Amino acid sequence: MSKDETLGEALRRQGVTRRGFLKFCAATASMMALPPSMVPVIAAALESARRPSVIWLSFQECTGCTESLTRSHSPTVEGLIFDSISLDYHHTLQAASGSAAEAARETAMEENHGKYILVVDGSIPTDNPGYSTIAGISNRDMLEEAAKGAAAIVSVGTCAAFGGIPAAKPNPTGAVSVSDLVHDKPIINVPGCPPIPVVITGVLAHYLTFGTIPELDDLKRPKAYYGKSIHDRCYRRPFYDKGLFAETFDDEGARKGWCLYKLGCKGPTTYNACATVKWNEGTSFPIESGHPCLGCSEPGFWDGGSFYSAISTPTEDIPKAAVYAVGAGAAAGVALGAMNRAKKQKSVDAHEKVTIDDLDKEK
Amino acid sequence: MTETEFLLWVRGPALQIATIVFVLGIVARILQMVMLGRKANLAEARGSALAGGLRTMVTRSVPDKGTFQRSTFTIVSGYIFHIGLFVTIFLFAPHILLVDEVFGLSWPALPTPVVDATAVVTIITLLAVLIHRLKDPVMRFLSGFSDYLVWLVTFLPLLTGYIAFHRIGLSPTMLIALHILSVELLMVLFPFTKLMHTFSLFIARYYNGAIAGYKGVHS
Amino acid sequence: MSGPSLEKGLAAFREQIDAPVAAFFNSCMHCGMCADACLFYTETKDPTRTPIYKLEPLRKVWQQEYTFWGRSMKALGMSKPVTDEELGQWEELVYDSCTLCGRCSMVCPVGNDIAYMIRKMREGMAAAGHAPDGLIGATKRAVTIGSPMGVKLPALQAQIRHIEEDTGLEIPLDREGVDYMCLLSSMEIMNFPEYTAALAKIFHQAGVTWTISSEAFEATNSGIQIGVSEIAAELVQRIVDAAEKLKVKAVISPECGHAYMAIRWEGPNLVGKPFDFKVVHILEVLDELREQGRLKITGKEMQRLTYHDPCQIARRGGVLEQPRRLLDMIADDFVEMPEAGVMNWCCGAGGGVSSNERADDLRLKVFNRKKEQLDAVQAEGLVSACANCRIHLEEGLEEYHMDLPVLSLTETIAEHLAEDKS
Amino acid sequence: MQTELETAMLNVELGDELTYNVKPLLHEIRHALAKLLNDEGPTVIDLRSLPLAPGEEEKLLNTLGHGEVHASLNALGPTEVVETGYPGVWVVLHYNTDREVIGKFIEVCDIPDLLRSQQDDIREGLEQLQSGLA
Numbered sequence: 072m073s074k075d076e077t078l079g080e081a082l083r084r085q086g087v088t089r090r091g092f093l094k095f096c097a098a099t100a101s102m103m104a105l106p107p108s109m110v111p112v113i114a115a116a117l118e119s120a121r122r123p124s125v126i127w128l129s130f131q132e133c134t135g136c137t138e139s140l141t142r143s144h145s146p147t148v149e150g151l152i153f154d155s156i157s158l159d160y161h162h163t164l165q166a167a168s169g170s171a172a173e174a175a176r177e178t179a180m181e182e183n184h185g186k187y188i189l190v191v192d193g194s195i196p197t198d199n200p201g202y203s204t205i206a207g208i209s210n211r212d213m214l215e216e217a218a219k220g221a222a223a224i225v226s227v228g229t230c231a232a233f234g235g236i237p238a239a240k241p242n243p244t245g246a247v248s249v250s251d252l253v254h255d256k257p258i259i260n261v262p263g264c265p266p267i268p269v270v271i272t273g274v275l276a277h278y279l280t281f282g283t284i285p286e287l288d289d290l291k292r293p294k295a296y297y298g299k300s301i302h303d304r305c306y307r308r309p310f311y312d313k314g315l316f317a318e319t320f321d322d323e324g325a326r327k328g329w330c331l332y333k334l335g336c337k338g339p340t341t342y343n344a345c346a347t348v349k350w351n352e353g354t355s356f357p358i359e360s361g362h363p364c365l366g367c368s369e370p371g372f373w374d375g376g377s378f379y380s381a382i383s384t385p386t387e388d389i390p391k392a393a394v395y396a397v398g399a400g401a402a403a404g405v406a407l408g409a410m411n412r413a414k415k416q417k418s419v420d421a422h423e424k425v426t427i428d429d430l431d432k433e434k
Numbered sequence: 029m030t031e032t033e034f035l036l037w038v039r040g041p042a043l044q045i046a047t048i049v050f051v052l053g054i055v056a057r058i059l060q061m062v063m064l065g066r067k068a069n070l071a072e073a074r075g076s077a078l079a080g081g082l083r084t085m086v087t088r089s090v091p092d093k094g095t096f097q098r099s100t101f102t103i104v105s106g107y108i109f110h111i112g113l114f115v116t117i118f119l120f121a122p123h124i125l126l127v128d129e130v131f132g133l134s135w136p137a138l139p140t141p142v143v144d145a146t147a148v149v150t151i152i153t154l155l156a157v158l159i160h161r162l163k164d165p166v167m168r169f170l171s172g173f174s175d176y177l178v179w180l181v182t183f184l185p186l187l188t189g190y191i192a193f194h195r196i197g198l199s200p201t202m203l204i205a206l207h208i209l210s211v212e213l214l215m216v217l218f219p220f221t222k223l224m225h226t227f228s229l230f231i232a233r234y235y236n237g238a239i240a241g242y243k244g245v246h247s
Numbered sequence: 049m050s051g052p053s054l055e056k057g058l059a060a061f062r063e064q065i066d067a068p069v070a071a072f073f074n075s076c077m078h079c080g081m082c083a084d085a086c087l088f089y090t091e092t093k094d095p096t097r098t099p100i101y102k103l104e105p106l107r108k109v110w111q112q113e114y115t116f117w118g119r120s121m122k123a124l125g126m127s128k129p130v131t132d133e134e135l136g137q138w139e140e141l142v143y144d145s146c147t148l149c150g151r152c153s154m155v156c157p158v159g160n161d162i163a164y165m166i167r168k169m170r171e172g173m174a175a176a177g178h179a180p181d182g183l184i185g186a187t188k189r190a191v192t193i194g195s196p197m198g199v200k201l202p203a204l205q206a207q208i209r210h211i212e213e214d215t216g217l218e219i220p221l222d223r224e225g226v227d228y229m230c231l232l233s234s235m236e237i238m239n240f241p242e243y244t245a246a247l248a249k250i251f252h253q254a255g256v257t258w259t260i261s262s263e264a265f266e267a268t269n270s271g272i273q274i275g276v277s278e279i280a281a282e283l284v285q286r287i288v289d290a291a292e293k294l295k296v297k298a299v300i301s302p303e304c305g306h307a308y309m310a311i312r313w314e315g316p317n318l319v320g321k322p323f324d325f326k327v328v329h330i331l332e333v334l335d336e337l338r339e340q341g342r343l344k345i346t347g348k349e350m351q352r353l354t355y356h357d358p359c360q361i362a363r364r365g366g367v368l369e370q371p372r373r374l375l376d377m378i379a380d381d382f383v384e385m386p387e388a389g390v391m392n393w394c395c396g397a398g399g400g401v402s403s404n405e406r407a408d409d410l411r412l413k414v415f416n417r418k419k420e421q422l423d424a425v426q427a428e429g430l431v432s433a434c435a436n437c438r439i440h441l442e443e444g445l446e447e448y449h450m451d452l453p454v455l456s457l458t459e460t461i462a463e464h465l466a467e468d469k470s
Numbered sequence: 190m191q192t193e194l195e196t197a198m199l200n201v202e203l204g205d206e207l208t209y210n211v212k213p214l215l216h217e218i219r220h221a222l223a224k225l226l227n228d229e230g231p232t233v234i235d236l237r238s239l240p241l242a243p244g245e246e247e248k249l250l251n252t253l254g255h256g257e258v259h260a261s262l263n264a265l266g267p268t269e270v271v272e273t274g275y276p277g278v279w280v281v282l283h284y285n286t287d288r289e290v291i292g293k294f295i296e297v298c299d300i301p302d303l304l305r306s307q308q309d310d311i312r313e314g315l316e317q318l319q320s321g322l323a
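Chains as they are written, first to last, in the working numbering: chain F, 72 to 434; chain W, 29 to 247; chain C, 49 to 470; chain R, 190 to 323.
Worth flagging that the hints you see were computed from the coordinates, not collected in a lab.
For clarity, every value in this text was computed on a predicted model and none was experimentally measured.
Be aware that one or more of the hints could be misleading.
To be verified - Pulled a few chain C residues facing chain W out of the computed Cβ check, cut under 10 Å:
id, residue
1, Ile65
2, Pro68
3, Ala71
4, Phe72
5, Phe73
6, Pro322
7, Phe323
8, Gly366
9, Val390
Quick reminder that beta carbons are idealized off the backbone N, C-alpha and C, glycines included.
Chain F extracted, bound-state conformation (with noise of 0.2 Å):
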């Protein structure tokens, strides 16, 4: 497959009929949160792409995002999206290793300068720039070299969109995201831990179809799959505007499909596509399955207190802070009043007699 092949070429290299590409092309209008009357524009789009190269960066990360994707990479249409691609660097997924790998990378950094996409998975420690490297290379070097010449940026998952784990307290790492290092260059985060497969090729099918970034919002989230909440977007949504909430997992509640904020749902506060996009080929998302939203693609989830508490609750003992509150005002309380009383009656003990003599002034 030369570098110079459209993916139309390509496709109907591979023996993909006209109809495969248009079911394709629906699929993708589909996973790209774009309405189907998109679908012959995509077409059009897609016909005539050129394949663009990704360079792939993994640094401090559970490979869950990688999972994630590959979990949907047979052949599908995120697959194809992936043959349609030149992943000239994964560590995780080349045959390559070693030298050889380095070797690919600064290839296809030098061939594609300032045309390539580059994807990280995984935050990067600034702290000790040993705790993560490749070959012998710190991760924080590792992107900045690589991110001099990418055309674009996609943080995949929460610890490069925004820290992640790596990042919670204390932060032994000195971890930070991908945005907090590079600031020349446009980013596309796609938080979740781990991401949905879908939303992750469907960035991929955006820059690919239309070879620009799509419309993010203020965490530079893509505003086709983050521009709502999992709350407005919950079929328990209902639940919560009559209150009716489950109080523990195993309840009449709990069973009868009731909104989960009572058990510490991060919905309202969360914005992803899970509840409309749904998990494993659309089979259904945590709610669904009766466990509350833990806000994975927001920032900070991770130190966000229990995630079986509800968004607002207080996170110190109020009570208690009101008990000695109590005590203390009652404690002030009784001095003020007694250093009133005191003045008073200073007052009261100086009071000079007033007679009829003492009301004129002395005019």
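Following the hints, put chains W, C and R in place on chain F, whose structure we already have.
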């Protein structure tokens, strides 16, 4: 500080500080007030001070006809926004949840759309109340910085609550944090401002009713 | 003595502020409803005459001296202390523009008893030398002569002779061991001798024993109006001494509002001990006689009558039902004015305003409130039970060109006594 | 048929208690059918872009029922094209080769485009036939 850290601070240390200032301040101020004491009445009583006091604590909520006609706007708007505040504060499901979580007390909530509509009415009424304060010659004359401050810190939690519920403008994390923060501002200022009237008005009404009740008059 | 001073005034404020005052100031939300309850505001539309604003200097002292925040600000030098000039500016608001009628105290939604606080504020105003000259003069006369109008015993004795001649009944002076010792207001002695005559007729018919003390016949108390408790106490003490000396069962407060307040409600508190005798208002006595069937009435007033509740007797005194029951006996066509009773509008001359010449124009201006109330019922006769109200009502009616007789309830009852006594 | 439909409508009512999306969807289909009759073109609805509670999709599909056409095609995995009980309303289900659903659409049209032989494919087929005959 990220938004989540901000929310955590607001839910944690800030809420703790606000609670301490709020509770300590109210208790201290009420004691400071009541400890000034008053002289025993040596005149022969015609009625019961206690009964009169308790009675007025309740009856003063209902104005007489003439007063209602002369101060219709003040009374009607006052009723609406006080009831509105009560409904939005105490009958909104997440608020009840909060109380339940903290103190283990809970009661039935109103349906969310009802509370939402009440919030809108209350916000509009509070705005009308502000305009009235600025336009009415007596109220404008009487009002100073503290009156407008008290209005503002009452208004802010409603406004931020409404915006947070409808997720307008900022991220929900930030909106909830700002909403909680605005409530904490209210709590912190509470003991130092006339917001104290929430509690002291019952003491004031008691004294008024007791003074009158002792003389056999219903006030 | 050292004379009045700002320091004395502020000390008196500190002394007067108590738990109710603190609760009241704490609760005021500046809603302005007290303005609409006050005839000095409704008839002038002057926002400075808003009742709660009249207390501003007292409120400042409370805040600066008795609140944590105020104390802190004061310690940091960030509060403006109350000045003598300020008190000077407030004199007109505290004395001329308030009759202590207490209507605002009934309306305030947080329950502030504003009249209670004005009464206290006057203590400091007087101590600071900011009482009106007219009230100072009246107070001096009350202490030195025994009556704010300068009525001396010989004048009373002369009136008693006239009344005895007119009625043929005895007016007992300084009689010991009787049921009642009657007090009179100077106005009744000078302007309304018919009141004393009415007492003689009614008590004669009902068989009540009574007397007037030559040492303490004056019922009014300028000390309360000006706001000097010591002087008020001295005036009360005279009555207490006389009542104890004559060993009466009860002292009757006459048809005068503030006199009733002074002797019935403030008296024991001023002298610092409960009385050994009862204090009753003449209307309470009459109503009791009525109930016991000792008031025999003949004929009725046929013109349409209405009743003006004197503030200190009704709203601030608790005598509300008695006049209505009494009027029921003698009035064929009785109508209540709108808002009569506890919410009645003040005539505009109580609380020392009538002794303060400076307020003459103002009190006539605000009488318009009463005029409107009267216009609503088209009465042909206006009954009341306060000589001070009565004088001002007459003046006000004249000012507003209203032809309406003002009647004393006690006198009107006396006119309807059945002649035949068994 | 009538009673079955009624039962289905009842189920829709029940489903409405959750997302309220089933009934609006049916209305959208009704509008799309009217549009189609007025020659205003076909409509495609992506079922995966809407939040639906468990069971709601089944309720929707049950309500629509089965019509006369049931086609399956094999292009990059199977695709099922079913005409519902309402002519002109089609359900199109795309699967990958592992028979995992990759797209769910309701198409309101005379015939879903995918069922037609495509120009490119026809051309390629013709070429193959010609070269085979040569």
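Quick rundown of the hints versus the structure:
1. Ile65: holds, 7 Å
2. Pro68: holds, 4 Å
3. Ala71: Constraint on Ala71 (chain C) satisfied, holds at 4 Å.
4. Phe72: Check passed: Cβ of Phe72 (chain C) comes within 5 Å of chain W, closer than 10 Å.
5. Phe73: holds, 9 Å
6. Pro322: holds, 5 Å
7. Phe323: Status holds, d = 7 Å.
8. Gly366: holds, 4 Å
9. Val390: Hint on Val390 (chain C): holds, closest Cβ of chain W at ~6 Å, below 10 Å.
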